[in-house]
Amino acid sequence: MSEVDLIIVGAGPAGMSAAATAAHGGLRVLLLDEQPRAGGQIFRNVGENRATRGWLGKDYASGARFVDALAHPQIATQFGATVWRIEPGPRVVWSQDGVSHVSDAPHVLLAGGAQERPVPFPGWTLPGVMTAGAAQILMKSSGMLPKDAVLAGSGPLLYLVAAQMIDAGCPPKALVETQTLGMMAKALQHLPRAVFGLPTLLKGLGLIRKIRAAGVPRFTGATQFEARAVDNADIAFSFSHKGRRHSLTSPLLLTHQGVIPSTHMSRAAGIKHVWNATQQAFEPVTDAWGATNVPGLHVAGDGAGIGGAETAAASGKLAAINVLHELGRISADQRGQRAAAAKGAKFRSRAIRPFLDAAYAPPAEFFAPNDATIVCRCEEITAGAIRQGIAEGASGPRQVKTSLRTGMGPCQGRMCDATVRGILSAVTGNAADIAPPRARSPIKPIMLGELAAMAPDQEEMA
Amino acid sequence: MNIASRFQTQPEEGPLVQITVDGTPVTAAANMTLAAALLAHSGEASRQTMSGAGRTAFCMMGVCFDCLVDVDGTPNTQACMTIVRDGMVVKRQSGLRGLGGGRGDV
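Protein chains in written order, with our numbering: chain A, 6 to 467; chain B, -18 to 87.
Okay, chain B solo, but in the shape it has when bound (with noise of 0.2 Å):
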């Protein structure tokens, strides 16, 4: 399901971003948080916890975890703290990580 933002972005001058989401071309800011470039494309859920359940960014200020996501191969990376780059590979994470430092395991 495509769900809209629940934010308005208000035209960013300065700079842009290329950044993939699961594949998908997302267009950021250059100063933007990962978190608020993926609240900024989509409503939906950035992550899917153990039992399945959706979950966004919900503190934004690096408490909470909950916009944990894997970035560039690195699991559990906290989006609200990680500014966007060009070409970052970004990926949603669902159920629980392995050990082994992301690439493919669950």
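Chain A with its partners taken away, still in its complex shape (with noise of 0.2 Å):
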């Protein structure tokens, strides 16, 4: 018999809101997360900032709410509890402090949230270029503000640090955008929808007018990035731009080009996932509640597919309404009842995404970046020969990594799988006929004297 009703793998967003959700109606929940505090990244150490970090926005404040809804004595939290295994049945195995346990429950709910979108191009391992998200989570989680960055990139998150670079008194040194007016103009047909998301389409006009009052230099439709290191370690960054190469020299670079679902652990625990062509990611196929085909397991928030902080939070709760019902707690009726207003949430808080898909596309270059581009960091393998693997008759993401050993690095793939993707069918032509890549437990890197120590455990499974 479980001792949890609902084991719960990330607390962002979505997570926070289905642990608070089931709690309250009955249910015995166990939350881990990888990260020390709750939050997930969007809220990151929020439980511990609400009050000293104004620079980082109401929305990031807001945030609190869902960590305060976690002292509930039907919610026990684990942080630094790494999930490696999901099993059937379901059972999650997890490590912490370099243990590893075997929890059961009915159901799982997966809420491993998103990454952001690899942008390799030649330099981009060079100490000093980082993700913007990364830098976010320094401000957030440290405090720590970049000097006289350069923000490079697309997508909305771009906006939200330079906003929030500006408030905290270290504006970046320039902003470099991919995207191009002609983007922009296909994107407004999406615009009559997005007027369902009205608020967050003024809160990102907003970031913009914020960024042109501090006179924080833009160059939208830029090409070809290339990042060199020069005296002291500073990045010298070129680009393309109107025909012109222009090169800003900066201690950082944070680039940028939208997030995709994290899916190590919905692809290993066997549930099935389709190609989402519109934000060129793979995702976990779900249903309206985050069901799955996999019984006992439910996925939601940005792990089932980009929606934001909105629309994660809504499709926790949504998940945990489901799962309610599934275990009897409440009918068909209730389920329905309590689901209005979290699907109406869900709703409005999705209309904006065509929008955004098509305005920040990531550019094809990001996808098959020139042969002297590093696209597996790990095992610093390059674009070239990658090519020149799928020209000596590779032709799947297994036998590049098999003749090249991309994703075989300890990241797994994290930082690869999707420009590797993009090189084959850059190459292949046939995009939808390419599986996405295998994911096989441990799916986080673990020591061996902890498997060791599981083996006992493993047998009684068989």
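For the record, the hints were derived by calculation from the structure and aren't laboratory data. For glycine and all other residues, C-beta sits at the position ideal for the given N, C-alpha and C. One or more of the hints may lead you astray.
Stated by the list, open to error - If the Cβ cut is set under 8 Å, some of the chain A residues that face chain B in the computed set are:
id: 1; residue: Glu121
id: 2; residue: Pro132
id: 3; residue: Ile142
id: 4; residue: Ser147
id: 5; residue: Leu150
id: 6; residue: Cys175
id: 7; residue: Asn435
Stated by the list, open to error - Footprint (simulated), chain A over chain B, 3 or more residues, beta carbon under 8 Å:
id: 8; region: 8 to 17
id: 9; region: 21 to 28
id: 10; region: 37 to 47
id: 11; region: 56 to 67
As the list claims (entries may be wrong) - Residues on chain B that point at chain A, a partial pick, calculated with CB under 8 Å:
id: 12; residue: Met31
id: 13; residue: Ser32
id: 14; residue: Val70
Quick one: dock chain against chain with the hints and give me the complex.
In structure tokens form, the structure reads like this:
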């Protein structure tokens, strides 16, 4: 007999809102998160910072309510807990302080969120090149402010980070953006629907106004990124803009091209995935409640498809309501009634997505970068080597991996899967036929000794 | 080469801890991740790849594994997922790690 009714993996907006909903419905919840504190990346450390870092904005501060709601007697939380295997049952195998644990429950909700899309170009591995999200995490968790940074790429997060930097008193040196006027014009067809998400739209316009008012130079339609280390390890960042080559030197280059679902956990758990051509990423197949083809497994939040924090919170709530129903705590009618508000919130918060996806779509050069670009950061494998591997007969991600070791380093393909796929589809032209890369447990590296200590459990399972 | 941090660190209230990084004492806020403490201390590489290229923390959220360092004799520790602890002994990593759990193997 399980000690808990629901295990939730991930304490971001989806996981936290699901935990509160389930606990209020009478369920015993185990909430696991790899980070030391609740919040996920979007509300990172908000429990500690709610009053001290006003420059992060009121949307960030609003996350404190999710963290507060975890103080419920029916919710047990474990932080620093890395889930490395999901088994039928379902059972969740997780590691904490070098010791692995197995927890089972009738239901598991995967709410592992998203990661930033890799932005490969020559020099993206240099110290001094980071993701915009990484800099934001440092601002949130440690109050560290980027010095004279250049922000490069595309997407709403770039504007938010720029605005937060301005409010913190460390404005970016420049914004180098890849989206073009043509993309913006094409995106306008989605604007009528985006009106349902008017507050988000207005917030975005407000961020752009703030960046303009601060006098931060903006280059749009930029292409051909390249970074080079110069004196004192500063980064010389060059790019093409309106037919000219530009170069900006700064200690820090922060890149971003949107976010993609983190699918290692859901893929390794055997959940069916589909290619989302609009967002250029795989996502798990779920129903309106987040239920999947694997019995007992739900997925919610950005890990189920990119929607942002509000969508994540609503989808976490919907999954918890469905679990309450499946465990016989509420009737189908009650499920429908309780879900109404979250369904509305999910619809409104998703309304702006098609506009954003079209306006800030990543340019092709980041999916199939030039030959000199390192694609697999762990094994230092270039796009040129991958193209050569394909020319020699590698026809899918598995063959590329076997012949070149892409994705065999500690990040397990998290930084190169998307680009390997991009190069494959650019060469072979049959993007739709390329299956998602395999993900096997351990889905996060653990120490050999820890695996050995698990052996009796493994035999029991067999 | 002594490379200045790429971040300006605001004075944090609350307790501090002392760690050593390749023998150099470094002070950090007690609630900081090790990756943040390393980035606040210096802009130089915190590990070297097989080819000798320098790397620092890239994603800060456990995805990229570019922040791997040796912590108290345990190599391949994700600095961005580790909170600093008083007396922590940190070593930058260079090249390939052995399977023996660290301590001098290359």
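Hints and how they fare:
1. Glu121: This interface hint holds because 7 Å falls under the 8 Å limit.
2. Pro132: 4 Å, holds
3. Ile142: 4 Å, holds
4. Ser147: Holds, because the Cβ-Cβ distance from Ser147 (chain A) to chain B comes to roughly 4 Å (cut-off 8 Å).
5. Leu150: This interface hint holds because 5 Å falls under the 8 Å limit.
6. Cys175: With a minimum Cβ separation of about 7 Å from chain B (threshold 8 Å), the hint on Cys175 (chain A) holds.
7. Asn435: It is violated, given that the least Cβ distance between Asn435 (chain A) and chain B is near 28 Å, above 8 Å.
8. 8 to 17: This one holds; 5 residues, not fewer than the three required, reach chain A with a Cβ under 8 Å.
9. 21 to 28: holds (count 5)
10. 37 to 47: holds (count 11)
11. 56 to 67: Check passed, 3 qualifying residues.
12. Met31: Nearest chain A Cβ about 7 Å off; hint holds.
13. Ser32: Since chain A brings a Cβ to about 6 Å from Ser32 (chain B), closer than 8 Å, the hint holds.
14. Val70: 17 Å, violated
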